[in-house]
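Participant: Quick mapping for you: the protein sequence lines, in order, are chains Z and P.
Numbering follows our numbering, in which position 390 of the first sequence is assigned residue number 390; successive positions increment by one, without gaps.
Numbering follows our numbering, in which position 112 of the second sequence is assigned residue number 112; successive positions increment by one, without gaps.
Among the hints, a few may not be true.
[What the hints assert, rightly or not] Only some residues are given here: those of chain P computed to face chain Z with a beta carbon under 8 Å:
id	residue
1	Gly8
2	Pro57
3	Pro58
4	Leu68
5	Thr137
6	Gly138
7	Pro139
8	Glu162
9	Ser216
10	His251
11	Ala299
12	Val300
13	Phe304
14	Val374
[To be verified] Listed next, with one range per pair, are the computed distances between beta-carbon atoms:
id	chain 1	residue 1	chain 2	residue 2	range
15	P	Arg302	Z	Gly227	21 to 29 Å
16	Z	Thr115	P	Pro350	36 to 44 Å
17	P	Ala368	Z	Gly142	22 to 30 Å
18	P	Asp249	Z	Asp61	26 to 34 Å
19	P	Thr137	Z	Gly113	50 to 58 Å
20	Z	Asp292	P	Ala110	39 to 47 Å
21	Z	Thr370	P	Arg118	34 to 42 Å
22	Z	Asp292	P	Arg302	29 to 37 Å
23	P	Gly107	Z	Asp303	16 to 24 Å
[As the list claims (entries may be wrong)] Partner residues aside, some chain P positions facing chain Z, computed with beta carbon under 10 Å:
id	residue
24	Ala111
25	Leu112
26	Gly238
What the hints contain is simulated information worked out from the structure, not anything from laboratory work.
Glycine residues also receive a C-beta, built at the ideal position from the N, C-alpha and C atoms.
2 protein chains.
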Amino acid sequence: MNAFPEPGGGSLDGIRVVELGTSVAAPMATQILGDFGAEVIKVERVGRGDDSRQWAPPDWDGQSVTFLALNRNKRSLALDLKDPRGLAVLEELIRRSDVLVQNLRPGAVAALGLTPERIAELNPRLVYCELSGFGPTGPRAGQPAYDPLLQAYSGIVSITGEDEGEPARVPVSILDMGTGMWTALAVFEALRRRDRTGAGTHVELSLLQTALMWVSMPLLAVAAGNGLPARLGSGLAGVVPYGAFPTADGHVFVSAGNDDAWARLCSALDAEHLRSADGFATNRERVQHRADVTSALSAVTRDFTTAEVLKRLTENKVPCSPVHTLDQVLADEQVRAVGALTSVEHPEVPDFQVVNLPMTFAGAYPTAPTAPPVLGADSGAVLREIGLTPAQVAELADAGVVGLADTADPDPATPTGDAT
Amino acid sequence: MNAFPEPGGGSLDGIRVVELGTSVAAPMATQILGDFGAEVIKVERVGRGDDSRQWAPPDWDGQSVTFLALNRNKRSLALDLKDPRGLAVLEELIRRSDVLVQNLRPGAVAALGLTPERIAELNPRLVYCELSGFGPTGPRAGQPAYDPLLQAYSGIVSITGEDEGEPARVPVSILDMGTGMWTALAVFEALRRRDRTGAGTHVELSLLQTALMWVSMPLLAVAAGNGLPARLGSGLAGVVPYGAFPTADGHVFVSAGNDDAWARLCSALDAEHLRSADGFATNRERVQHRADVTSALSAVTRDFTTAEVLKRLTENKVPCSPVHTLDQVLADEQVRAVGALTSVEHPEVPDFQVVNLPMTFAGAYPTAPTAPPVLGADSGAVLREIGLTPAQVAELADAGVVGLADTADPDPATPTGDAT
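Given only the sequences and the hints, what does the whole structure look like? Please build it.
Facilitator: The structure is reproduced here in structure tokens:
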């Protein structure tokens, strides 16, 4: 079927990643690495685990949707790092791993004694990724930060929404998830460098730097002396009409990128009177009369159903799209066809699905996902793999240093992995 | 200074990437690869080049800002692929390269004869990345698509903006740039697989799949049976107050994540009367009275300057941020401190700067950037590297099959690279 050979497993098979993460950014990073075949050990607080386990609603059969969306292909180790015995376990894991990704409060990991120096001493081959809000230096280096606040700080909020209304935010976590993606890229880069030199490294990333990359085009435009961009709602600065227009039963997104498309648009909607109306004839004029064009065209589109507008525009080769709501997205034929959503077996969520990584290799998505783990699901197994006896595991569990999941087999007959 | 050794060059040193790209997604992908040390050869149309070269305003000393922001660390080869001699040059480049990234119209590259089968035949070790709007299968597979239209199609527009107003779009190219980031990740993954197996692969990515990953959390929430999310402007579903509030001279972004923070917020702004006002006392109540709380708090913040609100909230440990405009972002001390913006020498843009990749390795950003190339700047050099004589280059240039930049040395004495 495909010209290139069938893909094997992910290339990170054999790479062990320790996540000391919470919320979105670090979990996103390690989920990507897990999708490419890495073994990901998620170290969580005993009792509560990752903050995002509590972020419900929205929930899915009682589980936090945020946690479910960001933690497939991982093992969970519940560990009290404030106890020296817990810290010793983490240090042993660091010695035996290839990658450490953490996004705890700035300074929190170093306060445990795990400074970059100590980490390099434990494992000079380690790729140590440290994620923060504002970056490693500067007056705000130590401050915690959240995706929406950094959207405001970095100028994204100032350009989102309608100019006449209040500024808005981007309602998906482009800073947290984006930083997770940059972290995964940094890990691949650092592993390739290590292949060559044998040495690990310390990678630092931040929501602020991720944000500046997102706004790089408008930011450089302002640096070049262009004026501040207006908030244009769904519109574009240089093309009118372009954006979401109301219909009798929803909205359609229309793009008339040149005067020919504008002519076809007017004709398709029986609105020939608009085509050469005063100030409407050329794109340059329409940009100057943005509000008038938008209001006149909206008056036309409001008389049709969404389906009718889409049919007429498509027939007339005017680029357009439904403004789908998320339930429509789930039901959409094209979304189904690309196979982006995959069912995953989950013990407590019968209909569980995840969104695949957005890429295929010779037609196949990266490795098949496993369900996000119950807190502490793999505590016992991981401890035995790093050399603890079942008795030692039980002792740590009794002392509350390690959390074992109710569902975990407390004493399996056959330890696996590199237990010594 | 850093516990890990000084970083050397990027890990993709020695990897040759051919970009058959236009606009944003493919150029973003290969710019990332170039930042990590790959040699990127950008193949462009003779005469016009990448569409984005014409996307001005905004411009920087006459150059398109979009082009400038997405094409550092690249060489430009202007080539007419409709001419068999031009196609033969591209095929020879494919034979000698490691990666090909293309985002031309669906089917356009195959129409040149470069089907995946032919590409695999030319170079079975090649990582061939094909980017599209809607993905490789399904009823819309062949349709062109643009970032804003796909934001509408994938539900992003439906959740952006104010509920009382029209839906908005995300004003940065999260689908195009995001697909570029996923492509760079896919290339690293495929190169690691090739290190193991010797075989290249065909990677397919799309704006649609990238979009579904961005909305994965709200999408899974709807799949789980939670209702459709409202458009909340700058707000958050589960926390009130949270978002941008007006001041006497701008906006501030405020987050009162719990009732203690709410108490501190009211006290900081001398608004004790709000704290326990009817329906305002607990977060649960405030979520139910979102509009009332927002309007009451806005009336308070409007009486202060932005600086005064930030000072009072910071002193009272209420998480907050200025809603920076982009000129303020450029001037911001923290932005300067993390060194995200770097000056790059450009022959026609004296003050040119770029936004660095958002990560450092042992304290250093990836390789230093070089300026985006003039159209055809490297045509002669690249052709000689793949074995053409200066006479053959001149002949192709005379025939219009190859475009040489005015600034390029037409016949340098010493060919470089792997010329045979």
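Participant: Could you work out which of the previously given hints the structure breaks and list their numbers from low to high?
Facilitator: 11, 12, 13, 14, 18, 23, 24, 25
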